[in-house]
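Asker: Got chain A; can you put chain B on it based on the hints?
Chains as they are written, first to last, in the numbering used here: chain A, 1 to 175; chain B, 176 to 350.
If you are wondering where the hints come from, they were derived from the structure by calculation, not from laboratory data.
Each hint should be verified, as a subset may be incorrect.
[To be verified] Label pairs and their in silico Cβ distance ranges:
{"hint": "1", "chain 1": "A", "residue 1": "135", "chain 2": "B", "residue 2": "234", "range": "29 to 37 angstroms"}
{"hint": "2", "chain 1": "B", "residue 1": "287", "chain 2": "A", "residue 2": "26", "range": "17 to 25 angstroms"}
{"hint": "3", "chain 1": "A", "residue 1": "135", "chain 2": "B", "residue 2": "300", "range": "44 to 52 angstroms"}
[What the hints assert, rightly or not] As a list, the in silico DSSO-like pairs of lysine-lysine whose alpha-carbon atoms are at most 27 angstroms apart:
{"hint": "4", "chain 1": "B", "residue 1": "304", "chain 2": "B", "residue 2": "314"}
{"hint": "5", "chain 1": "B", "residue 1": "332", "chain 2": "A", "residue 2": "139"}
{"hint": "6", "chain 1": "A", "residue 1": "157", "chain 2": "A", "residue 2": "139"}
{"hint": "7", "chain 1": "A", "residue 1": "139", "chain 2": "A", "residue 2": "129"}
{"hint": "8", "chain 1": "B", "residue 1": "314", "chain 2": "A", "residue 2": "157"}
{"hint": "9", "chain 1": "B", "residue 1": "197", "chain 2": "A", "residue 2": "120"}
{"hint": "10", "chain 1": "B", "residue 1": "203", "chain 2": "A", "residue 2": "157"}
{"hint": "11", "chain 1": "A", "residue 1": "120", "chain 2": "B", "residue 2": "203"}
{"hint": "12", "chain 1": "A", "residue 1": "157", "chain 2": "A", "residue 2": "28"}
{"hint": "13", "chain 1": "A", "residue 1": "28", "chain 2": "B", "residue 2": "304"}
{"hint": "14", "chain 1": "B", "residue 1": "332", "chain 2": "A", "residue 2": "157"}
{"hint": "15", "chain 1": "B", "residue 1": "295", "chain 2": "A", "residue 2": "120"}
{"hint": "16", "chain 1": "B", "residue 1": "332", "chain 2": "B", "residue 2": "203"}
{"hint": "17", "chain 1": "B", "residue 1": "314", "chain 2": "B", "residue 2": "332"}
{"hint": "18", "chain 1": "B", "residue 1": "197", "chain 2": "B", "residue 2": "332"}
{"hint": "19", "chain 1": "A", "residue 1": "120", "chain 2": "A", "residue 2": "157"}
{"hint": "20", "chain 1": "A", "residue 1": "129", "chain 2": "B", "residue 2": "203"}
{"hint": "21", "chain 1": "A", "residue 1": "28", "chain 2": "B", "residue 2": "203"}
{"hint": "22", "chain 1": "B", "residue 1": "332", "chain 2": "B", "residue 2": "295"}
{"hint": "23", "chain 1": "B", "residue 1": "332", "chain 2": "A", "residue 2": "120"}
A quick note: this is a predicted structure, and the numbers were derived from the prediction, not measured.
The beta carbon of each residue, even a glycine, is placed where N, CA and C say it ideally should be.
There are 2 protein chains.
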Amino acid sequence: MSAGLRQLIADTQETFRTDPEKARATFKSSSNLTQGFRSEVSIRDHRLTVDEPAALGGTDSGPNPVELVLAALGTCQEITYRAYATAMGIPLESVSVELEGDIDLRGFFAVDESVRSGYKNIRANVRIKSDASDTDLQKLREIVNAHCPVLDIISNKVPVQMEMSVTRPLASREM
Amino acid sequence: MSAGLRQLIADTQETFRTDPEKARATFKSSSNLTQGFRSEVSIRDHRLTVDEPAALGGTDSGPNPVELVLAALGTCQEITYRAYATAMGIPLESVSVELEGDIDLRGFFAVDESVRSGYKNIRANVRIKSDASDTDLQKLREIVNAHCPVLDIISNKVPVQMEMSVTRPLASREM
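So here's chain A without its partners, still in its complex pose (with noise of 0.2 angstroms):
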């Protein structure tokens, strides 16, 4: 798949260079909290469940958002990897991603309005398995961190806007 990726990639920056109109792209997401603090996540054709373990009142089917966001941003180094190493032919027999992220539930929880409620800090390790030289894997490493869209989101601020729309329900109408 290697070589068809490669053209993938050098078709795909032609073709934004040429136009960039195409480059413009928008994801969507919806979601729905059907019981306490479970959510079922609809994303195109893909399904997914979010809860909170029970220590956080959850009933712990599936991952919390915090973890979610930490998931988001290994795959994002994974697949950035392994599109830049095809790309500048590097070797790349394999990637995986640990993460770690601190948060201080003193923010969540408003007991201190001087602690945030997100994180504080994310460590990652990035554990690369290649034959490629030192200098060439320090400038894959370089030009996946100036370009992994998740690591961009978390480690910059991102504008969010932030609509709310209210239904009453029928009970309180027929009042």
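Answerer: Same frame as chain A, now just chain B:
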């Protein structure tokens, strides 16, 4: 489950006030790129598959990493609405979230180095069903947006430390 959850939140807040060390939590994820852009993720006892759609070089066996970020934000909003509605005694029949995020793929594909690789912006529509007053729902919305962990992670900067460790395939060690 509402009364039990309300008590759990109150108890947790009291514990964290008395002993802030107990509020320190570390979340983890590990993943492994198995084939092409497909990665298998392990989070505690939970498994999920991440992949890219065919147009981006994958086999579409799961959502992609930037879609997972949206799923994390949507479910975190929902859980935070449920938790604070319960804690504040505000009725909340249902909550669901729809999200869209825009990416200019010239960033990821290194076609234009001035273009960021992550989301340029994210739009969320939080749909609430409730017979609470508009004033209470506005209060709820404000406290949720001030304490939602994934909203903090995405809309603010998180420091990420990236380590890379390299192992050499057996074949190259034998040379």
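Asker: So which of the earlier hints does this model not fit?
Answerer: Violated: none.
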